[in-house]
Amino acid sequence: MDLKVPAEDMSDAELINLYIGGSIAAMEMLVMRHKASVFGYIMNITGSRQAAEDAFQETWIRAMRKMGSFRDRNFPGWLMRIARNYIIDEARKRKPELSLDCEQDGGLSFKSAIAASGPAPDRSVASKELAGRIAAALDSLPLEQKEVFVLRVQANLPFKDICRIQKTSINTALARMQYALARLRSLLKDEYVQIERTI
Amino acid sequence: MKKNTAHCERMRNLLILQESGELTAGDAEELARHLDNCAECKAFRSDMTCIVENCRTCLPEHLPSDNTVNLVLEHARSGKPNIIPFVRYMRTAAGIAALFAVMLSVFFLADRRNASSPSGSDSGSGRMEIILALASGGEIQAEASVTADSEDEKLQALSKQLLLIQGFGFEETADPDDVTGLFMPTALLSRNNPSVPA
Chain A
1 MDLKVPAEDM SDAELINLYI GGSIAAMEML VMRHKASVFG YIMNITGSRQ AAEDAFQETW
61 IRAMRKMGSF RDRNFPGWLM RIARNYIIDE ARKRKPELSL DCEQDGGLSF KSAIAASGPA
121 PDRSVASKEL AGRIAAALDS LPLEQKEVFV LRVQANLPFK DICRIQKTSI NTALARMQYA
181 LARLRSLLKD EYVQIERTI
Chain B
1 MKKNTAHCER MRNLLILQES GELTAGDAEE LARHLDNCAE CKAFRSDMTC IVENCRTCLP
61 EHLPSDNTVN LVLEHARSGK PNIIPFVRYM RTAAGIAALF AVMLSVFFLA DRRNASSPSG
121 SDSGSGRMEI ILALASGGEI QAEASVTADS EDEKLQALSK QLLLIQGFGF EETADPDDVT
181 GLFMPTALLS RNNPSVPA
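First to last, the protein sequences are chains A and B.
According to this note's numbering, numbering within the first sequence proceeds without interruption in unit steps and concludes at 199.
According to this note's numbering, numbering within the second sequence proceeds without interruption in unit steps and concludes at 198.
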């Protein structure tokens, strides 16, 4: 039985405490609040809707299981770490020697490994829309750079959380962001005039 | 004038931190001073703003299917969240219980080994005696016995003697107290008779 009714204006920490106290409604609110950022991150990393749906589900199940040990200040960052660990575990099941770094090593990419059993990626590189071109440019980034970019721009996480998710220093995370921006700038230079007109 | 690339890279890191709202006041001042004199970093800031804003506005928002969200919510409803913190302590409790079980097993095994040992033990003192015999062709060639204070010492002495036997480490020295004239290992002789060197 719910002891206290969760409210929209409650913080993540308050909702988590309510959930630990037995409030299912608090968990529902947390899921609805963070589903877009968590799924967006997973979707960008895996590139496959089916793999992303599975990872999303598993991330929340793991989060519910570990909720009692949650000590983080940033709940979305903690969720992203759970999601990332799950994605890496799944990729390694298919290809044990796989790591997030291997995309540049000429071997099977992390993304192709995770998407191996799923349908084709949702995104079409041939899209004529500006969004499609930006998405295609984003897809062409090395995974670690893309991950930093997505976590910052789409999930809106601060760098202190991004470097914890990637288990790296803040300088490395910032350098990856710099490379990602430089690469996007170069890839989108033909669209640049159009982009500038849109803002 | 030659451009300081490393300094510009640091300033671009500060620009990125500024965009994420993590820039300290001191760094913000330094960055402002640098931007006044660096056209490249200014261009980087304008490109970054352009790309980030466009990605935020143009890229489609990915949402999980209703079915997946419902499965997650179903899992939440079927769970018992108030039990979750208790599970953390269950691991520790299970670890302590396992350790206790191992200690009990070791204790009982040692006890049983003492009880079933072929050697006797001096009542009261707790000292144990081992009699070791070397047989060849159906006849006892050598016999040895040791006493020990503990199970470990007993096993150590037994191992020592077995090595001696396997390595033929015997001397044809008759035990002066033994009328049967059995041959004793050197180590044992030294143990039994302080006059014989080890």
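Derived from the structure by calculation, the hints contain no laboratory data.
Keep in mind that the hints are not guaranteed to be accurate.
To be verified - Derived DSS-like pairs: lysine-lysine, alpha-carbon spacing no greater than 30 Å straight-line:
1) A:Lys66 x A:Lys35
2) A:Lys66 x A:Lys167
3) A:Lys35 x A:Lys93
4) A:Lys35 x A:Lys160
5) A:Lys160 x B:Lys42
6) A:Lys66 x B:Lys42
- Task: With a cut-off of 30 Å on the C-alpha distance, tell me whether Lys66 of chain A and Lys42 of chain B pass.
- Result: Violated. Lys66 of chain A to Lys42 of chain B sits at ~45 Å, over the 30 Å cutoff.
- Task: Could you grab the alpha-carbon distance between Lys66 of chain A and Lys35 of chain A and see if it respects the 30 Å cut-off?
- Result: Given pair Lys66 of chain A, Lys35 of chain A holds - Cα atoms ~18 Å apart, limit 30 Å.
- Regarding the pair Lys160 of chain A and Lys42 of chain B, is the alpha-carbon distance no greater than 30 Å? Holds. Lys160 of chain A to Lys42 of chain B sits at ~25 Å (cutoff 30 Å).
- Is the Cα-Cα distance between Lys66 of chain A and Lys167 of chain A 30 Å or less? The hint holds at about 20 Å.
- Hint consistency between Lys35 of chain A and Lys160 of chain A [alpha-carbon to alpha-carbon, up to 30 Å]: holds, 21 Å
- Task: Verify the proposed pairing of Lys35 of chain A with Lys93 of chain A, using a straight-line Cα cut of 30 Å.
- Result: holds, 26 Å
Of the numbered hints given earlier, the model fails hint 6 alone.
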